[in-house]
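K.L.:
Dock chain B against chain A, hints included.
Line by line, the protein sequences give chains A and B. Counting from 1 along the first sequence, just add 321 to a position and that's the residue number in my numbering. Counting from 1 along the second sequence, just add 321 to a position and that's the residue number in my numbering.
Be a bit skeptical, because a hint or two may be false.
Where chains are identical, the list cannot tell them apart; a pair therefore holds if satisfied intra-copy or between any two copies.
[Said to hold, decoys possible] Below, computed lysine to aspartate or glutamate pairings styled on EDC-like, alpha-carbon distance capped at 20 Å:
1. Lys323 <-> Asp570
2. Lys459 <-> Glu470
3. Lys323 <-> Glu431
4. Lys323 <-> Asp467
Please keep in mind that the hints were generated in silico from the structure rather than gathered at the bench.
There are 2 protein chains.
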Amino acid sequence: MKPLILNFLDLSTPEGSFARREPDEALIRVDNLGITRGDGIFETAGVIEGVPLALEAHLARFARSASMLDLPEPNLDLWRRVVVDTAHQMADAGVLTGVKFCMTRGIEGEVSAPTGWALGFIADDPTAVRRDGIDVVKLDRGFRHDVAETSPWLLQGAKTLSYAVNKSVLREAERRGATDVIFTSTDGYILEGPSSSLVARIDGVYVTPPPSMGILPGTTQGDIFTCLERRGLATRVDAVKVADLDRADGVWLCSSTRGAAPVRTIDGNAVPLDHAATELINGDLDARRS
Amino acid sequence: MKPLILNFLDLSTPEGSFARREPDEALIRVDNLGITRGDGIFETAGVIEGVPLALEAHLARFARSASMLDLPEPNLDLWRRVVVDTAHQMADAGVLTGVKFCMTRGIEGEVSAPTGWALGFIADDPTAVRRDGIDVVKLDRGFRHDVAETSPWLLQGAKTLSYAVNKSVLREAERRGATDVIFTSTDGYILEGPSSSLVARIDGVYVTPPPSMGILPGTTQGDIFTCLERRGLATRVDAVKVADLDRADGVWLCSSTRGAAPVRTIDGNAVPLDHAATELINGDLDARRS
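If we strip away everything but chain A, and leave its shape as in the complex, we get (with noise of 0.2 Å):
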């Protein structure tokens, strides 16, 4: 990720404004609480020819990550303009970016407005990952998959700042020759990565698990959907068990910037690869414009 066009927010107002500034500048106190307790939210939407993509997704999601954490209802006009002003910004870059637009509780202590910004970035390029797919290793994410409805105030389904988690379980696959992870609950159902939703192909039918098991609303996964049910092919939003993921003769882990990424082994265990597949989905996912 390198940083390109940086937005910073000004949220006192109910209307609230932004203004460009540098992205490597210093903009946040160390008592802001974003990063003394990881207390915000944020998206990231990827961005094709200064378009951001799934925006509209994004920032219902957005919404939805503040609702949960109890935050300030951020103002989806401004953060709309933020975004596709940054985003824009970026539209001769000649190559995949993306906008990552984040808002904080603020400075800690004081009665103050959140803090926002929408950071534009040069993304990873995806070719290779699309083209070979990924080494994954399955990790308990140590909870029940009802627990989102059973003990809400532990924000799982939420877009936090808090993600040492998230990094942490990179770390542990790598240490066990993988590079990415599928997070599975206590009680044997498949969950989500740390980064990224989980479309599996099972019995013919492309499967996602709901976001009722506090995973987070797929925004790629959505469009995802979208594509193939044009397409005819068979979708379903549903319950994926452990031994179901077994059966799968075809696993993506879904996320803004890199598309569908092909898995090809799961706890060394071989996934088929299917290119075609593959291929079509990222297809019509680069041939968005909104």
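P.N.:
Frame of chain A; chain B shown alone:
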């Protein structure tokens, strides 16, 4: 928490260094992993008369957290000096102060040095809390009591900057008419508070749950046990079942700046307040000068 003194570290060399900055100065970039991922660690030491308390215990726990997150090993000589210096600058504050020191993984996408700082602040006056007690609720932490052993990648027992849940549970407590929380495991064990250790007096013994349960080794709790033992009182580090806590004739949530806060209700049920024991414990804590 009102910031008073800020020392910012330069960790780009093995020996490192630090320098005074204004506490309200913006020093953090928006792509620092501390704010984008809550990817860092912290400690908060109480300060009396310019002396940081339980400093060696805080430094040891800081190093332990760094190791759990695969962060570079902190140069404890440097961190000791910066905390002592920060605390010393507040010797004349005339009120209870504290030093919060933090280390993040640094800038995202760069092979960069960690980011570090020590912030001296005025603490909330604990007098009323120590006298009147606090109302707490038990909330499910969502994990089994042995999750730190079975799934270390979940970072339970590390003091990380990913504390959104630790703030979220306080809002849930407030919704239930309380001001603090006791975490429980899914299998019925008492764990800790979101920013405190639990000490309960059960059958005449002061008991606290062990760090092997994915909880922090309490720095204040450690000093309390030393003081109690010095006075010939019985202590034990042992598992506490939820049902055991119902039998306690004294419960305290113990933390660096508040000391031992007696619990007066749990889930609305009265807990005996032993004012003499609370005063004895906090008297011993306040008499510390190291």
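K.L.:
For every hint, state whether the structure bears it out.
P.N.:
Taking the hints in turn, this is what the structure says about them:
For the homomeric pair Lys323 and Asp570, neither the shortest alpha-carbon distance inside one copy (35 Å) nor that between copies (57 Å) is at most 20 Å. Proximity of Lys459 and Glu470 under a CA criterion of 20 Å is satisfied inter-copy only: 17 Å between copies versus 23 Å inside one chain copy. Proximity of Lys323 and Glu431 under a CA criterion of 20 Å is satisfied inter-copy only: 9 Å between copies versus 33 Å inside one chain copy. Neither within a single protomer nor between protomers do Lys323 and Asp467 lie at most 20 Å apart by alpha-carbon distance, with minima of 37 Å and 39 Å respectively.
Figure legend: structure checked against the earlier numbered hints; hints not met, in rising order: 1, 4.
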